[in-house]
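Kindly generate the complete structure, drawing on both the sequences and the hints.
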Amino acid sequence: MKYGVNRQILLITAGAVWIIAGANILRIGIVTWLNTSQDWMFKIGEATVVFLLFFVLVFRRLYYKHTQRIEQKKERRNCPFSFFDVKSWITMIFMISLGITIRSFHLLPDTFISVFYTGLSIALILTGVLFIRYWWIRRKTLAR
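First residue of the sequence shown: -6, per this note's numbering; consecutive thereafter.
Keep in mind the hints are simulated off the structure, nothing from the lab.
Mixed in with the good hints, there may be bad ones.
[What the hints assert, rightly or not] Straight-line C-alpha distance at most 27 angstroms; calculated BS3-like pairs for lysine-lysine:
hint, residue 1, residue 2
1, Lys36, Lys133
2, Lys66, Lys80
3, Lys67, Lys133
4, Lys67, Lys80
[To be verified] Estimated spans, in silico, between C-beta atoms of each pair:
hint, residue 1, residue 2, range
5, Arg126, Leu46, 20 to 30 angstroms
6, Glu68, Met34, 21 to 31 angstroms
7, Arg131, Val24, 28 to 38 angstroms
Because the structure is a prediction, the values reported are computed rather than measured.
No residue lacks a Cβ here, since even glycine has one placed at the ideal position from N, Cα and C.
This is how it looks when you write it as structure tokens:
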């Protein structure tokens, strides 16, 4: 590829995308959270369960998969969008579309959205932080 980015930039981009996505979902979750009147302690417990399920069972595995794939890239210049593979891009587009559809048509109650989005967003942000941390730790060996 004539114009591309190195592996370090792929890791930083991956981290930034995950953090930005998480921050956007957190904003929606907090706004919805503040507009519902359910018990806060119960909500915190539910959001923690959502966080643990997504982080432990889904996002942490994706983090390992993508960091390993990025580190094994042999090209010096890679497509800036190659921090995800095709399957992950399709999954992300599907999840974003599903979230927009659910909120637009009010398919789930706000009490669910507030808890689910808050837990999910924290898992996304933490995964983004892991990408940035991985880049920071490996920055000298990835420069080669």
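The hints, checked one at a time:
1. At most 27 angstroms may separate the alpha-carbon atoms for a hinted pair to count; lysine 36 and lysine 133 exceed this at roughly 43 angstroms.
2. Using a Cα cut-off of 27 angstroms, the hinted pair lysine 66 and lysine 80 holds, with the two alpha carbons roughly 17 angstroms apart.
3. The straight-line distance between the Cα atoms of lysine 67 and lysine 133 is roughly 16 angstroms, inside the 27 angstroms bound, and the hint therefore holds.
4. A threshold of 27 angstroms between alpha carbons decides the hint, and for lysine 67 with lysine 80 the separation of about 21 angstroms falls inside it, so the pair holds.
5. The supplied range of 20 to 30 angstroms is met by arginine 126 and leucine 46, whose beta-carbon atoms lie about 22 angstroms from each other.
6. At roughly 51 angstroms, the beta-carbon separation of glutamate 68 and methionine 34 lies outside the given 21 to 31 angstroms, and the hint is violated.
7. A C-beta distance of roughly 37 angstroms is found between arginine 131 and valine 24, which places it inside the suggested range of 28 to 38 angstroms.
The structure fails hints 1, 6 (numbered hints given earlier, in ascending order).
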